[in-house]
Every structure is written in structure tokens, then in C-alpha cells.
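Chemist: Chains as they are written, first to last, in this note's numbering: chain A, 1 to 284; chain B, 1 to 327.
Hints are not guaranteed to be accurate.
Stated by the list, open to error - Stretch-level coverage of chain B by chain A, calculated; a stretch enters the list once three of its residues show a Cβ under 8 Å from a Cβ in chain A:
1. 126-136
2. 154-163
3. 177-187
4. 230-240
As the list claims (entries may be wrong) - List of simulated lysine to any residue pairs, SDA-like, C-alpha gap at most 20 Å:
5. B:Lys174 to A:Arg190
6. B:Lys174 to A:Val272
7. B:Lys174 to A:Tyr176
8. B:Lys174 to A:Pro187
9. B:Lys96 to B:Arg136
10. B:Lys168 to A:Leu161
11. B:Lys174 to A:Gln164
12. B:Lys168 to A:Gln164
13. B:Lys168 to A:Ala188
14. B:Lys174 to A:Leu161
15. B:Lys174 to A:Gly165
16. B:Lys174 to A:Gly60
17. B:Lys174 to A:Thr182
18. B:Lys214 to B:Thr202
19. A:Lys245 to A:Gly60
20. B:Lys168 to A:Lys245
21. B:Lys174 to A:Ile117
22. B:Lys174 to A:Lys245
23. B:Lys151 to A:Ala261
24. B:Lys174 to A:Val273
25. B:Lys168 to A:Asn160
26. B:Lys96 to B:Ser119
27. B:Lys174 to A:Ser274
It should be emphasised that the hints constitute simulated quantities derived from the structure, not laboratory data.
Here a beta-carbon is modelled for each residue, glycine too, at the ideal position from N, C-alpha and C.
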Amino acid sequence: MNRRTIRKITNGLALCMSGLATAIGLFCLGAILWTLISRGVAGMSIALFTQNTPPPGGTGGILNAIYGSVVMTLIGILIGAPIGMLAGTYLAEYGRASRLSSVIRFVNDVLLSAPSIIVGLFIYELLVVRMGHFSALAGAVALAVIAIPVTVRTTEDMLNLVPQGMKDASTAMGAYPWRTITSIIYPAARSGIVTGLLLAVARISGETAPLLFTVLNNQFWSTNLRAPMANLPVVIFQFALSPYKNWQQLAWSGALLVTLAILILSITARVVVSALNPAGGKQR
Amino acid sequence: MTTSREDLGKDSMNDSGNEVVQERKTVDALSASDDPGRRHIGEGGLNLKPSGRMPALTSLEQRSGGDQTVGQFSVEDAVFSCRDVNVFYGSKHALKNVNIDVARKQVLAMIGPSGCGKSTFLRCLNRMNDTIPGARVTGSIKLDGSDIQAKGQDVVQLRARVGMVFQKPNPFPKSIYDNVAYGPRIHGITRSRADLDDIVCTSLQRAGLWDEVKDRLNRPGTGLSGGQQQRLCIARAIAIQPEVILMDEPCSALDPIATARVEDLIEVLRESYAIVIVTHSMQQAARVSQRTAYFHMGELIEVGETDRVFTNPRHRLTEDYITGRFG
Numbered sequence: 001m002n003r004r005t006i007r008k009i010t011n012g013l014a015l016c017m018s019g020l021a022t023a024i025g026l027f028c029l030g031a032i033l034w035t036l037i038s039r040g041v042a043g044m045s046i047a048l049f050t051q052n053t054p055p056p057g058g059t060g061g062i063l064n065a066i067y068g069s070v071v072m073t074l075i076g077i078l079i080g081a082p083i084g085m086l087a088g089t090y091l092a093e094y095g096r097a098s099r100l101s102s103v104i105r106f107v108n109d110v111l112l113s114a115p116s117i118i119v120g121l122f123i124y125e126l127l128v129v130r131m132g133h134f135s136a137l138a139g140a141v142a143l144a145v146i147a148i149p150v151t152v153r154t155t156e157d158m159l160n161l162v163p164q165g166m167k168d169a170s171t172a173m174g175a176y177p178w179r180t181i182t183s184i185i186y187p188a189a190r191s192g193i194v195t196g197l198l199l200a201v202a203r204i205s206g207e208t209a210p211l212l213f214t215v216l217n218n219q220f221w222s223t224n225l226r227a228p229m230a231n232l233p234v235v236i237f238q239f240a241l242s243p244y245k246n247w248q249q250l251a252w253s254g255a256l257l258v259t260l261a262i263l264i265l266s267i268t269a270r271v272v273v274s275a276l277n278p279a280g281g282k283q284r
Numbered sequence: 001m002t003t004s005r006e007d008l009g010k011d012s013m014n015d016s017g018n019e020v021v022q023e024r025k026t027v028d029a030l031s032a033s034d035d036p037g038r039r040h041i042g043e044g045g046l047n048l049k050p051s052g053r054m055p056a057l058t059s060l061e062q063r064s065g066g067d068q069t070v071g072q073f074s075v076e077d078a079v080f081s082c083r084d085v086n087v088f089y090g091s092k093h094a095l096k097n098v099n100i101d102v103a104r105k106q107v108l109a110m111i112g113p114s115g116c117g118k119s120t121f122l123r124c125l126n127r128m129n130d131t132i133p134g135a136r137v138t139g140s141i142k143l144d145g146s147d148i149q150a151k152g153q154d155v156v157q158l159r160a161r162v163g164m165v166f167q168k169p170n171p172f173p174k175s176i177y178d179n180v181a182y183g184p185r186i187h188g189i190t191r192s193r194a195d196l197d198d199i200v201c202t203s204l205q206r207a208g209l210w211d212e213v214k215d216r217l218n219r220p221g222t223g224l225s226g227g228q229q230q231r232l233c234i235a236r237a238i239a240i241q242p243e244v245i246l247m248d249e250p251c252s253a254l255d256p257i258a259t260a261r262v263e264d265l266i267e268v269l270r271e272s273y274a275i276v277i278v279t280h281s282m283q284q285a286a287r288v289s290q291r292t293a294y295f296h297m298g299e300l301i302e303v304g305e306t307d308r309v310f311t312n313p314r315h316r317l318t319e320d321y322i323t324g325r326f327g
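Looking at chain A on its own, in the form it has when it is part of the complex:
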């Protein structure tokens, strides 16, 4: 067998393997989506969006859980995003080469991959134990802690994509770093940062483990941030494990809803990128 044949076979083999791997990944994704849709659509009704979680056997929806999830995700991102963005800005601009930066970057990476249940336990110790009860506020803080490392990472990556020449131009004009960051670098990296924020929202809106330890759940409508509040992930968790048919159906519908919401957020993120980059994504 000559060299050329060996190369051809190797190439064909590699192509097959990677194609197979892609197929397996896509199949899993498709299977999950299909199961969710086929099981969840049956429960899609007006009542799902207008009524609170019912007792076993009764009729109802998941309005309180939707409300709780939206509120806690919003508060979580409002707390987490500014901290994450400023920290990312420090890493990319002020402290680019400092020793502190590499330490922060390492710790952030650890936080990024830490199991979210650890975050739940941490907030449980920090807030729930001290307040003496579960609360929506604690849940929001837990979500913020999860959003921070994601935002730090995306912000730093996006700021690093801004050409150094552009930053130098502003510096050479006599601009203070903060001026360069706000007037030149942020606008140039805008679409990337917005995408990062949307992806952080998508990430935290599906988190279950940290909420179990912090907000728990609530069968009723509640807007009190200092009390337990219903939320989609925990409702799905609870209802799916229950023996009651109506609860199981609501769990399927809720899961479908969360998945669709995350899907829409991701698509929005992509649309935002192309809309905010009038030069046709020249920065990439």
C-alpha cells in the first residue's frame, strides 16, 4: 500500500468518525426536543398561563411559576451582569497582564464549571440560614452568582476582540482608559456583550439545583421577595416526580416552555449580533 492510499483511508476514517459524532449529538438533541414537544403540547392551553399550580388532581396552570422564574432571572441578571461586566473589563483592559488578573481568571474558570448545587448550598448558608426561611431574594442572588462567571468570561473575550490599534488610537489621542473603554471599546464590542448577557439569561433561567436550596417552591401566587416563590425548574422537578397525572402533564408543558424560552433567547442573541454589526460582522 503506498502512502497516498494510507492518507486517503485515514482521511476517510476521520471524516466518518466526526460525521458519526455529529449525528449522535444531533440525534440526542432531536430526541429530547421531540419528546418534549409530543408530551408537552397536550398540556398547552390558556389555563397554563392564567392559573396557578393546582392541588393534586385539580385543574390549573403554572402562572405563578412563570412569574417567579421571570422575576428571579431578571433580578439575578441585574445583580450579576454589572459585576460580571466590570470584572471582565478589568481583566481585558486595566489588569491585562497583572498577576491579579491571572488569579481572577483562574478562579472565574473554576466558578464557571462549579456544580450549581454548590452555589445553592453556599447561598443557603449565607442567606437562607441567616434569614431563617427560604426566599425569592436568595434564589435571585444564587442565580446572580451563576451569571457572574459567564458574564466575566464573555465580556473579556468580546473586549479582547476589539482591535488593539483602535484602543491605541484613542490612547494616543490623550484619552483616559475609562474614556477609551466607554466611548470606543464598549460600542465596538456591543453586539458581543449583549449576546453574552442573553446567553447568561438563558443559562440561569434553566437552573434548578441552586433554587432548591434557596427559594424552594410555593403552591400559591406570591410576589413577596422575602418569601418562597414558585418557579419553573423546581415546579417541573416536583411535579414530574409526583404520582399525579395532572401534575406530570404540567411538568411536561413547563419543560417545553422553558426550552422554547431558551431557544428564543439564543436565536434573539444571534439576530442581535447581525443587527448591531452594520459592517456585516467585520470585527470577527
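Given chain A, put chain B in place with the hints provided.
Modeler: For chain B alone, coordinates are given in the frame of chain A:
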């Protein structure tokens, strides 16, 4: 571009007759075979055959006196006065004991092979080396008599007085208007919109860009052609009325026509500003500058009147470089 090729040629002949003469002299001295009437744009000027010898290192060893720069490094009306300037990037000694003055209303060209320290030196003059981690600058660099390295020196004020144009055109992702207005805005030069309009208009006119962009000031600066972008960057630099303009290979990313326009612009700007230009094109150095400095491996080898350096280089390394034997 709205100006045609013929217009360009005519302009440059009219504006800079003496420049052409000077260039002719230079080229004649170096290469008798060249047509003296031709205007040389880009790299096509010198037709010199390398002798095949690589004299760099032996010549350096033969130099007498170690750090002595050949030629007249000081001038009477100096805007910048640099003595014993050394630059270290970490442990790398990038610039060694450089002594040189920059004269008012003159163009100083800095030539030399890649990595010889000319850009490093340029970046000392507006302290852009501060932005490089691990960079250290020693020695005295005086702008109008006061040391810009001093502790109390406000870097922002310094950079307002010493503008810079980069190798790659780097307009901000803003409108053409906002690009030029950026400097006046951050330095709070004016508060009224009318004054700002005026500054933007004058700067663009002086940069020779006004006629091309006056109808689309609100369009993004990144949408212009390369040559237009570079003139936009020059307009942006002169909008804050600096005393000195530093240019780091401003034409290396431009085509010959755009290069000619920028060179004509340098000729005009020289009436108001001191200009220091780093260039890899010796023809360009000969065309635009009054004084030329030759750098080699972090040392300033020779400096003097451009005519003199090109027609009668005193140092062996300078001669080897400008005759194309190496570099």
C-alpha cells in the same frame, strides 16, 4: 476618490517642485541608470544591485567609539530633545543610548531594517510605551524644555500635544464627524456645536479629505477606502492642534496613489507642525523629510540633513542600507 490621477500628478509637481529636484539629486547619486524626470511612488525607485555581501555585523564591530552617532544630532530650534534614551522590553534592550533632536516645522524621517528600534523610539515621544507591560524607558526626553518622563507629567496633556498616526488606518467605529470630533470632545476644547463643526471642517480640509466626505459626515468612518481612512486619522490627529505629529509607517498599508496624497499632505502639514515619520521606503524618506536618522539594532547610527545622508552617508552601515546591500 474624486480627484483624478492627472490632477494628483499636477498638484504634486506644483506644490513640491523642489522636492522633485531633491529627489532627482538623490536618485542620481545612488543610481545613474534611473530616469530623473520620473516621480517615484512606492518601492519602484531604486534599481540597485546588491553586491552580495552581508556586512552588517562586521561593520558594527569596526565602528569606532561605540555609542557615538555619526552626524549632527542636535538642532537649534528643537521641539523634542532626547538624550541617552534607552528602552527595555523586559530583559530585551530595544533602544541604546539614543541622542537626537526634533526640529520645529521640519520632517524627521527614521529609517532602518525591521526591529531596529525606530518605532520604539517613536513611541517614546508620546509615552505610548507606557501601555506595553514590562517596557521601561530611561534617559531624558524634553518637549519644549520640560522632561516628559518626569513624575508630574500628565500623560493626557502630553498626548494632546503630540499626535500620532499609525501604520494601519484605525478609525473609530463612529461617524466621520465623530471620529474627528473625538479629540476636541475628550479634551473639552470647545462647548458649542458651531465651534466643533468648524474644527471638524477645518481639520478635514487640511487633511485633504473634506471634498470627498462633506456630504456623508454621518456615515461610518470605517466605510471609507484605506487611503481615505488614513487621511481621516490624520484629520483626527490635527483636530486638537498638536505641536508634533508622529507617523508610524503611515503609508505602508496604502496604494501608490493614496501614498502620494498622504506625502503631499505631510509637505503641507510641515508648515505648522514638527513631524517624525518612520518609514521602510527610502524613497519616501528622501521625498518628504528634511532630516533623516538611520537606526540599526537599537542604535542610532547616523543622523543628518536628508540630502547629505542619502548622497554622502558617512557611516558604512548607513551606506550599505541605503544602497540596498542589506536590510
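Chemist: For the pair supplied as a hint, B:Lys174 and A:Ile117, is the alpha-carbon distance within the 20 Å limit?
Modeler: Since the Cα atoms of B:Lys174 and A:Ile117 sit roughly 45 Å apart, the hinted pair is violated (cutoff 20 Å).
Chemist: Holds or violated: B:Lys168 with A:Ala188, Cα cutoff 20 Å?
Modeler: holds, 17 Å
Chemist: Sort out whether B:Ser119 lies within 20 Å of B:Lys96, counting only the CA atoms.
Modeler: holds, 13 Å
Chemist: Would the hint linking B:Lys174 and A:Val272 be met if the CA-CA limit is 20 Å?
Modeler: Holds, at roughly 19 Å.
Chemist: Would the pair B:Lys174 and A:Thr182 pass a check requiring their Cα atoms to be no farther apart than 20 Å?
Modeler: holds, 13 Å
Chemist: Decide if the proposed pair is consistent with the structure: B:Lys174 and A:Gly60, CA atoms, cutoff 20 Å inclusive.
Modeler: Outside the cut-off at roughly 53 Å; violated.
Chemist: Holds or violated: B:Lys174 with A:Val273, Cα cutoff 20 Å?
Modeler: The hint holds at about 18 Å.
Chemist: Taking 20 Å as the top limit, are the C-alpha atoms of B:Lys174 and A:Ser274 close enough?
Modeler: This hinted pair holds, its Cα atoms lying about 17 Å apart.
Chemist: Sort out whether A:Gln164 lies within 20 Å of B:Lys174, counting only the CA atoms.
Modeler: Holds, because 16 Å separates the two Cα atoms, which is no more than 20 Å.
Chemist: Is it true that the CA of B:Lys168 sits at most 20 Å from the CA of A:Leu161?
Modeler: holds, 17 Å
Chemist: Hint check: B:Lys174 vs A:Leu161, CA-CA at most 20 Å. Holds or violated?
Modeler: holds, 17 Å
Chemist: With the threshold set at 20 Å, check whether the alpha-carbon distance from B:Lys174 to A:Pro187 stays at or below it.
Modeler: Holds, at about 9 Å.
Checked against the numbered hints given earlier, this structure breaks hints 16, 20, 21, 22, 23; the rest are met.
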